[in-house]
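**Q** The residues making up each chain are set out below.
Number of protein chains: 4
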Amino acid sequence: MSVMTADQVAVVGAAGYGGAVAAAILHRHPSLELTAVTARSDAGRRHDALYPRYRVPLVLEEFDADAVAGRAQSAIVAYPHGAAAPAVRALRERGLRVVDLSADFRLGRERYERWYQAHAAPELLDDAVYGLTEVHRDEIRGAGLVAAPGCYPTAALLALWPLRDLIQDVVVDAKSGVSGAGREATETTHFVSVTENIQAYKVEGHRHAAELEQELNGASFTFVPHLIPVEQGLLASCYVTADLRGRDPLELFREAYDDEPFVELTGEPPGTDDVRETNRCRVHVKVVEERVIVLSVIDNLWKGAAGQAVQDLNLMLGLPETEGLE
Amino acid sequence: MSVMTADQVAVVGAAGYGGAVAAAILHRHPSLELTAVTARSDAGRRHDALYPRYRVPLVLEEFDADAVAGRAQSAIVAYPHGAAAPAVRALRERGLRVVDLSADFRLGRERYERWYQAHAAPELLDDAVYGLTEVHRDEIRGAGLVAAPGCYPTAALLALWPLRDLIQDVVVDAKSGVSGAGREATETTHFVSVTENIQAYKVEGHRHAAELEQELNGASFTFVPHLIPVEQGLLASCYVTADLRGRDPLELFREAYDDEPFVELTGEPPGTDDVRETNRCRVHVKVVEERVIVLSVIDNLWKGAAGQAVQDLNLMLGLPETEGLE
Amino acid sequence: MSVMTADQVAVVGAAGYGGAVAAAILHRHPSLELTAVTARSDAGRRHDALYPRYRVPLVLEEFDADAVAGRAQSAIVAYPHGAAAPAVRALRERGLRVVDLSADFRLGRERYERWYQAHAAPELLDDAVYGLTEVHRDEIRGAGLVAAPGCYPTAALLALWPLRDLIQDVVVDAKSGVSGAGREATETTHFVSVTENIQAYKVEGHRHAAELEQELNGASFTFVPHLIPVEQGLLASCYVTADLRGRDPLELFREAYDDEPFVELTGEPPGTDDVRETNRCRVHVKVVEERVIVLSVIDNLWKGAAGQAVQDLNLMLGLPETEGLE
Amino acid sequence: MSVMTADQVAVVGAAGYGGAVAAAILHRHPSLELTAVTARSDAGRRHDALYPRYRVPLVLEEFDADAVAGRAQSAIVAYPHGAAAPAVRALRERGLRVVDLSADFRLGRERYERWYQAHAAPELLDDAVYGLTEVHRDEIRGAGLVAAPGCYPTAALLALWPLRDLIQDVVVDAKSGVSGAGREATETTHFVSVTENIQAYKVEGHRHAAELEQELNGASFTFVPHLIPVEQGLLASCYVTADLRGRDPLELFREAYDDEPFVELTGEPPGTDDVRETNRCRVHVKVVEERVIVLSVIDNLWKGAAGQAVQDLNLMLGLPETEGLE
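Chains as they are written, first to last, in my numbering: chain A, 1 to 326; chain B, 327 to 652; chain C, 653 to 978; chain D, 979 to 1304.
So that you can see chain A by itself, here it is in the shape it has in the complex (with noise of 0.2 Å):
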């Protein structure tokens, strides 16, 4: 029987893509122990048989929030947008410590219900920290409950930090592997449509830009995502009009993340292979005539969710941040 220490951790809706990658990186992490993870449609298979090379020997249950809090001091919660607030609010209240993957604690209430739908636990909200580590890493160590950041957002405002207080003008281009669009079978995921295809979409406003509009502060910004044939990657090609005020925007890059463990600056464009399975972000700066382009990867599941996830964690618990994820 094991006895109950702050270190065992459960993963709330681990069949989807990024919760299965949460539970991967749990069950190895060398100071926690991944004692219990849920699914909704799946419960009751083994998690890996759903994703054999994760080699994680749990069954999924059906979430049960007592149960949880049985068998774990924090939780990650991997459910949609809207289905995780009910959750996340049923683990506080046990007083677990959670991270929670969707966009639910990510903005503030009026521009969460703008982009998305009237707030389910609209009281959580004050105490939420945006878990984008490297810019609110003091604010996460000691939170209770902390939103991991959407994909895009990671890679882009990674890519936009180090020039936020000189940015006039970004443009955005991102492009995303499938994952990023879920587990569901939809004529979006289905092979035939994205092999030998790429394609812009939600031109007019994908909801990943509420998080650029509240980190950047009002900065101006086009923000238009693609889906490319790739499974895990993620590269946010950002155009930037700035006024450096002679600052060397290298040099900027350098202050702020020469001692990120996961945030490293390339001499070259880093492809999205760099970093697939990893935690990092590979960023490249380059200014061509009066624009600064910045060009950032990351793995969408790793560094854009689960991976993430787990560095906010690890902070929360007091722990290493980089434990785990090496």
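Hints listed in this document are in silico derivations from the structure and should not be mistaken for laboratory results. Be aware that a few hints might be false.
Capping the alpha-carbon separation at 25 Å, the derived lysine-lysine pairs in DSS-like fashion look like this [unchecked claim]: (1) K938(C) <-> K202(A); (2) K612(B) <-> K1180(D); (3) K938(C) <-> K286(A); (4) K612(B) <-> K1264(D).
A partial selection of chain D residues facing chain B, derived with a Cβ cut-off under 10 Å [claimed, not checked]: (5) V1113; (6) D1116; (7) D1151; (8) S1171; (9) E1182; (10) N1195; (11) S1198; (12) E1209; (13) L1212; (14) S1215; (15) E1268; (16) R1269.
Bear in mind the structure is a predicted one, so any value in this text is a computation, not a measurement. Positions of the beta carbon are idealized from the N, C-alpha and C atoms, including for glycine.
For chain A, the structure is supplied; the task is to place chains B, C and D on it using the hints.
**A** Positioned in the frame of chain A, the structure of chains B, C and D alone reads:
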């Protein structure tokens, strides 16, 4: 107003992959006029909105046998098995010649009901011809109802036909692109499931084996299909144990196929890409020690479905067999 | 023996991807006869051994200007830049009309020599026409030498042309399939490098920018190309800052393209798969806040190379512009 | 300065795909220290510049046996066959334990010289052990030189071993991802050649057949490899005719593999994606009529090369067999 002639054709079920290719071929066919395309859930949409590159500028209609009969003298039906038989009957009753892409008219009744289900239009079976053109050409000419063979049997039977009287045993290891699984979005057809993967399925018995069983006249065979990360393309690798009685297998293939417009013998193992979006079957024959290895490639949507259906239709209507297919 | 008429065409450099597609299109062209295909290292091989699905049953020959001139009155030259100019000169001296796929005749001399190298046939530049058909149609008619535009400029210029007098600044984020990198086997084109990857390249200056520079007449732009795991297909995502002076951009696009046979305005963001193996360019225009977003897709080997070359050739020879391209 | 202990390892030829994975595994190995990586044409570059996601922060050196011997007590050699033997000899002469990934030490001399070429270090053959761990574990323990099996033989032999005494005849239809063809850029490995394609090759005799021949002890078999559009992954579909003498084949597999840490029997046909980037082999056994069908998947760079090499090395050094491989 278009005058009623014998060259008007409809495609019933033109929203699926096979039916869509049939519509594309017929729309460009020099002697036939595509006058109607029908669909079930996509009725009301334009075909070229669904399949822009096929450039068929017709609106998909609900299927109505009378309406179709008012505008066409023949039809290609591309419904799933079970659903096809009633539609075929309705069209036959109205005097149309029909090529059916489903399994409903490929097999004798007993065999059909063993592998599939109770037959919905058994009275039509006697007049139905199995539309493997190279084998049943004479019967197809003038037939009123032709059943286009399955994609796997097409490739396998063209690989085996010249040896049919000599075969003692054969292993057919077949690999198909994802369009063969149809347009339905499922876990199996999700890009993330397919990419970076290859997997056998239905090892104990894929229904297409019934066609091999019927056409090979009792030769012993093992048939295992595999799904590969390819959009269109099918390779049947056939390993034949035969009593050659001193015959040169290559000579048998030359005799069988030298005059065939769509079958080519190759000196090197063919790739599926060689025949993509063509009605060709490329066949490579090699004797290695005691075994005859025959490799056969087709485009599963062309020679494996819609292309062969048009080849059949050309024959049924007394047109040159290759018309519209080059 | 074929009588010498004005409708015989050769493809010089038919073993590369662009030249091979040119040969395929011309071989099926109703008014032109493909009489010769040449290649450098592949001379002696049949074209359809190299490219089975294109079905061009000709033997690749060593290039000999006299031999070509004896059998053709026009030619498409598909050599790399630098190598093209001398071949073009030799053919022009023998009276052939030429469409050149390389960069050698796309730019003014000064600009060419700045971006490429010393020009090998500068005396031909004055008569060369930039073959973006929709823009330079009148000059192309009757021209003796036309330079088919680069694939990136084709997509980008068609996206920008209707706005050209209003553009203040534009970001062109372009994504190309691997065939655009040519047939040479390199680390860049290795399957393992390309699959599961997307990467920007030549951020500081791809040579195709020279064409944008020339044709956009000094408008400020940033152009960054990306390589994607696609065989054929190119998307230019253009982010335009314009002084619209009350004009409706969509109206400008309608005026420019409503009569164009190969340019289509779409209500949804187009995918490269929509235009695969067609000569079409699909363009989607959307104003989002202050910015005009224009998305433009082509098949890089068709409208971006060989298809457009045939479109040019049709015009040069007084044939219907779309012949052989539908 | 690192003290000389028995746990220092070098990878000779770490710029190729197999050697690179070996370096990646060893760099994270808890009991071994990767002290040197060598390369031929890439010497001077950092390993993590070539393979960013493997994160091996070492500079590739020219191979110098003395230098390697000064820093390592064992080595994995990942040179092409022919080039490997002299390097292995040089390292063995300096007392290093060696696992060789090439074919040079997998076969008896006569067989090697029949399939390959004159052997460059025949005096080492007597002590070399064929490193299929599950089969030759006892000989590997304490060996000085182990030859890691080819990728195809690994998958096929693990599929066939439990039946070896019963096999009358077997067809091995094998499918491999492109990394198995190595890092060299060729027409065969060009993205455009591979994507949307599947093709058999070396139908008359792939050299890996020599290993099957040797290890299967004369059982009659046919082996045909196929190239598929996958980066890493290999499936061997084996069709066995056996004299079962009343034995249940599944039982034989259970006896053989129930205690094996890296071989798993599955209830469903396994996909290569199940084992991607793991050292696992998944095996599915099904009797269909007279035939035993065995499907076996591995990652060709892991269990089919570098992973198995580390498994061998663990045994040779008396470490737990699975160390560094979970």
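**Q** Determine for every hint whether it applies to the structure shown.
**A** Evaluated hints:
no. : hint                 : in the structure
1   : K938(C) <-> K202(A)  : holds (11 Å)
2   : K612(B) <-> K1180(D) : holds (11 Å)
3   : K938(C) <-> K286(A)  : violated (28 Å)
4   : K612(B) <-> K1264(D) : violated (28 Å)
5   : V1113                : violated (24 Å)
6   : D1116                : violated (33 Å)
7   : D1151                : holds (4 Å)
8   : S1171                : holds (8 Å)
9   : E1182                : holds (6 Å)
10  : N1195                : violated (17 Å)
11  : S1198                : holds (7 Å)
12  : E1209                : holds (6 Å)
13  : L1212                : holds (9 Å)
14  : S1215                : holds (5 Å)
15  : E1268                : holds (7 Å)
16  : R1269                : holds (5 Å)
The structure does not agree with the numbered hints 3, 4, 5, 6, 10 stated previously, though it agrees with the rest.
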